[in-house]
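Asker: Listed here are the chains, written in short residue letters.
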Amino acid sequence: MGELRLMKGNEVIAEAAIRAGADGYFGYPITPQSEIMETLMVRKPWEETGMVVLQAESEVASINMVYGGAGCGKKVMTSSSSPGVSLMMEGISYIAGAELPCLIVNIVRGGPGLGTIQPSQADYFQSVKGGGHGDYRLIVLAPNSVQEMNDHVGLGFDLAFKYRNPALILSDGVIGQMMEKVELSDYKPRLTEEEIIEKYGDWAHIGKPANRSQNVVTSLELQSEIMEKRNQHLIEKYASMQEDVMYEEIMTEDAEYLFVAFGSSSRICQKAIELARAEGIKVGLFRPITLFPFATNQLKELGQKMKGILTVEMNAGQMVEDVKLAVECKVPVEWFGRFGGIIPSPQEIVDALKHKIIGG
Amino acid sequence: MADIDIKDIIREENLVYKKTDVLTDNVMHYCPGCSHGVVHKLVAEVIEEMGIQEQTIGVSPVGCSVFAYNYIDIDWSEAAHGRAPAVATAIKRLMPEKFVFTYQGDGDLASIGAAEILHACNRGENIVVIFINNAIYGMTGGQMAPTTLVGMPTATSPYGRQIDLHGYPMKMTEIVATLPGTCFVTRQSVEKAAAVRKTKKAIRKAFENQKAGKGTSFIEVVSTCSSGWKVNPVKANEWMTEHMFPFYPLGDKKDCEKDPAEDYEKYMKG
Numbered sequence: 001m002g003e004l005r006l007m008k009g010n011e012v013i014a015e016a017a018i019r020a021g022a023d024g025y026f027g028y029p030i031t032p033q034s035e036i037m038e039t040l041m042v043r044k045p046w047e048e049t050g051m052v053v054l055q056a057e058s059e060v061a062s063i064n065m066v067y068g069g070a071g072c073g074k075k076v077m078t079s080s081s082s083p084g085v086s087l088m089m090e091g092i093s094y095i096a097g098a099e100l101p102c103l104i105v106n107i108v109r110g111g112p113g114l115g116t117i118q119p120s121q122a123d124y125f126q127s128v129k130g131g132g133h134g135d136y137r138l139i140v141l142a143p144n145s146v147q148e149m150n151d152h153v154g155l156g157f158d159l160a161f162k163y164r165n166p167a168l169i170l171s172d173g174v175i176g177q178m179m180e181k182v183e184l185s186d187y188k189p190r191l192t193e194e195e196i197i198e199k200y201g202d203w204a205h206i207g208k209p210a211n212r213s214q215n216v217v218t219s220l221e222l223q224s225e226i227m228e229k230r231n232q233h234l235i236e237k238y239a240s241m242q243e244d245v246m247y248e249e250i251m252t253e254d255a256e257y258l259f260v261a262f263g264s265s266s267r268i269c270q271k272a273i274e275l276a277r278a279e280g281i282k283v284g285l286f287r288p289i290t291l292f293p294f295a296t297n298q299l300k301e302l303g304q305k306m307k308g309i310l311t312v313e314m315n316a317g318q319m320v321e322d323v324k325l326a327v328e329c330k331v332p333v334e335w336f337g338r339f340g341g342i343i344p345s346p347q348e349i350v351d352a353l354k355h356k357i358i359g360g
Numbered sequence: 001m002a003d004i005d006i007k008d009i010i011r012e013e014n015l016v017y018k019k020t021d022v023l024t025d026n027v028m029h030y031c032p033g034c035s036h037g038v039v040h041k042l043v044a045e046v047i048e049e050m051g052i053q054e055q056t057i058g059v060s061p062v063g064c065s066v067f068a069y070n071y072i073d074i075d076w077s078e079a080a081h082g083r084a085p086a087v088a089t090a091i092k093r094l095m096p097e098k099f100v101f102t103y104q105g106d107g108d109l110a111s112i113g114a115a116e117i118l119h120a121c122n123r124g125e126n127i128v129v130i131f132i133n134n135a136i137y138g139m140t141g142g143q144m145a146p147t148t149l150v151g152m153p154t155a156t157s158p159y160g161r162q163i164d165l166h167g168y169p170m171k172m173t174e175i176v177a178t179l180p181g182t183c184f185v186t187r188q189s190v191e192k193a194a195a196v197r198k199t200k201k202a203i204r205k206a207f208e209n210q211k212a213g214k215g216t217s218f219i220e221v222v223s224t225c226s227s228g229w230k231v232n233p234v235k236a237n238e239w240m241t242e243h244m245f246p247f248y249p250l251g252d253k254k255d256c257e258k259d260p261a262e263d264y265e266k267y268m269k270g
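Protein chains in written order, with our numbering: chain A, 1 to 360; chain B, 1 to 270.
No lab work stands behind these hints: they were computed from the structure. Be a bit skeptical, because a hint or two may be false.
For lysine to any residue, the following SDA-like pairs were computed, each having C-alpha atoms within a straight-line distance of at most 25 Å [unchecked claim]:
hint: 1; chain 1: B; residue 1: Lys-200; chain 2: A; residue 2: Lys-129
hint: 2; chain 1: B; residue 1: Lys-211; chain 2: A; residue 2: Ala-210
hint: 3; chain 1: B; residue 1: Lys-98; chain 2: A; residue 2: Arg-164
hint: 4; chain 1: B; residue 1: Lys-211; chain 2: A; residue 2: Gly-201
hint: 5; chain 1: A; residue 1: Lys-208; chain 2: B; residue 2: Val-234
hint: 6; chain 1: B; residue 1: Lys-98; chain 2: A; residue 2: Leu-191
hint: 7; chain 1: A; residue 1: Lys-129; chain 2: B; residue 2: His-81
hint: 8; chain 1: B; residue 1: Lys-198; chain 2: B; residue 2: Tyr-159
hint: 9; chain 1: B; residue 1: Lys-19; chain 2: A; residue 2: Pro-209
hint: 10; chain 1: B; residue 1: Lys-201; chain 2: B; residue 2: Glu-174
hint: 11; chain 1: A; residue 1: Lys-181; chain 2: A; residue 2: Pro-112
hint: 12; chain 1: B; residue 1: Lys-18; chain 2: B; residue 2: Cys-31
hint: 13; chain 1: B; residue 1: Lys-214; chain 2: A; residue 2: Arg-164
hint: 14; chain 1: A; residue 1: Lys-8; chain 2: A; residue 2: Gly-154
hint: 15; chain 1: B; residue 1: Lys-211; chain 2: A; residue 2: Asp-351
hint: 16; chain 1: A; residue 1: Lys-305; chain 2: A; residue 2: Asp-351
hint: 17; chain 1: B; residue 1: Lys-214; chain 2: A; residue 2: Ala-210
hint: 18; chain 1: A; residue 1: Lys-354; chain 2: A; residue 2: Met-251
Stretch by stretch, here's where chain A covers chain B in the computed footprint (C-beta under 8 Å, at least three residues) [stated by the list, open to error]:
hint: 19; region: 69 to 80
hint: 20; region: 92 to 101
hint: 21; region: 171 to 181
Quick list of simulated restraints, FRET-style, between CB atoms [unchecked claim]:
hint: 22; chain 1: B; residue 1: Asn-232; chain 2: A; residue 2: Ala-239; range: 35 to 45 Å
hint: 23; chain 1: B; residue 1: Glu-49; chain 2: A; residue 2: Lys-129; range: 49 to 59 Å
hint: 24; chain 1: B; residue 1: Arg-11; chain 2: A; residue 2: Lys-188; range: 54 to 64 Å
hint: 25; chain 1: A; residue 1: Arg-212; chain 2: B; residue 2: Ala-114; range: 29 to 39 Å
hint: 26; chain 1: B; residue 1: Pro-233; chain 2: A; residue 2: Gln-223; range: 27 to 37 Å
hint: 27; chain 1: A; residue 1: Lys-129; chain 2: B; residue 2: Lys-269; range: 45 to 55 Å
C-beta: ideal position from N, C-alpha, C; glycine also.
With these hints in hand, go ahead and build the complete structure from the sequences.
Answerer: Here you go:
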């Protein structure tokens, strides 16, 4: 059993990063995630593990610091909230293009624009469909508890290095700000210079010894034939990520109806299931944990057995498109959500199920 | 007269100049008369002379020198437009024993990357910045830069830069010299042998500063762009001497070796 604590989701991200053996964090303050950098600055991990923590002049700078750090074969990360993550889109595209591993945390708030500082899930499209320019995908993890905020930091780094691809934790102000019991991960030592040379010496810019050719981290390729091959390689890499797809099913064995929800919405759906089942409505929950790769096949198999599916999201209906594609529109799929920083109540969700699916 | 074979001339004792091995044999893509090739050579020579080829990481910009990595045989990061100082910040902080430098043009450093360069200098990041100022966007085809002189015609200021329309040319070197994080700030050029030697001396000093952990060293090289300026290389040098040097005066703007404490105290007193 690891160390048990009562902690805020944002604080756990900071603690988990230190324990995961992260080499660097680069960030810029923005509500509702500033506790991540604040916690790190109080913890002073540079004295403990040697981890670098730096407040950058902007999100643009912090994501480019991540680009520089990741290019060294180091375990580096940043965190922000929606408007800040929008500013990072250029850098994220470059990181994906140069195939660098890193971790990005988005504690989502409502938009568009400056929007609201209240929780939202409106950055689903931006996270899973690209967001920046060019054909690329991020590995997207959607924690629904403070415990998973801890777990997804280590998991995110592991997947990022496995695929040499940026990983993004898509959380929101609810999970970032709420306190729950968490079992912290054990400390993992940071890699030594020798270990980095051994593991990543074939691509990282760590100083060119006389016996090898240059390592150049770049996303640039002006020869179309080579660039197309590079794109092809990326497409194949993204497809191969299916082997790491993660999802959770709750009370689906006897279910006639299905909620599909991720992150904090999935927690509210669990209460809605209780309320619905008390009224005799057999409803279960399918929760994608990785939003990319998406559990398309698993949802297709389960979903097509249902009388109807309600996707519950704190946005104007984004993941619902992927749910419809997964079940190939063979069963009715509807969306219910609140936005602007409003969190739906469990009863609202049950009412929407009755209205839009059962009675519909 | 006896026959002299070329091999009799090419002997160790006759060697007066040799291309540094830190420069690759790739044919440079730069236009005739461009200053980049000379500055690349100087950076490569300094790296060789200091014996730091295995410890040096370069950060190339977006602009004509985006492919600097094809010519200087070290490890490189190719940064997004203007972001090289942020990229270099992380590389140096995560690997403080390495030598890290950025190589940036005027569009990259003074326009889109103004925030990144100012804050890297303000934090006193222990890096070297090589800033090529030819007063124009070369790669995209001769558009106006923040450093374009008043009255100077470009593709986006075809009737010449006008202050009321485009604002004033920016003197980045003077600006970063005011920041306490910089230790060595100088403006040089490479249009003649004496100037080339001075610039090399400045680059060497900058890398030595980094070795000693002194903070940011910033070297502007006032440069030509004969393609962008639409003149031949000889005319470009003449034009630079006549028009650029008066506005961008050469020489050291700051050298912490000479007076470090006083500068800082002055700044902190306000």
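Asker: When the hints from earlier in the document are held up against this structure, which numbers fail?
Answerer: Those not satisfied are hints 1, 5, 8, 11, 13, 15, 17, 21 and 22.
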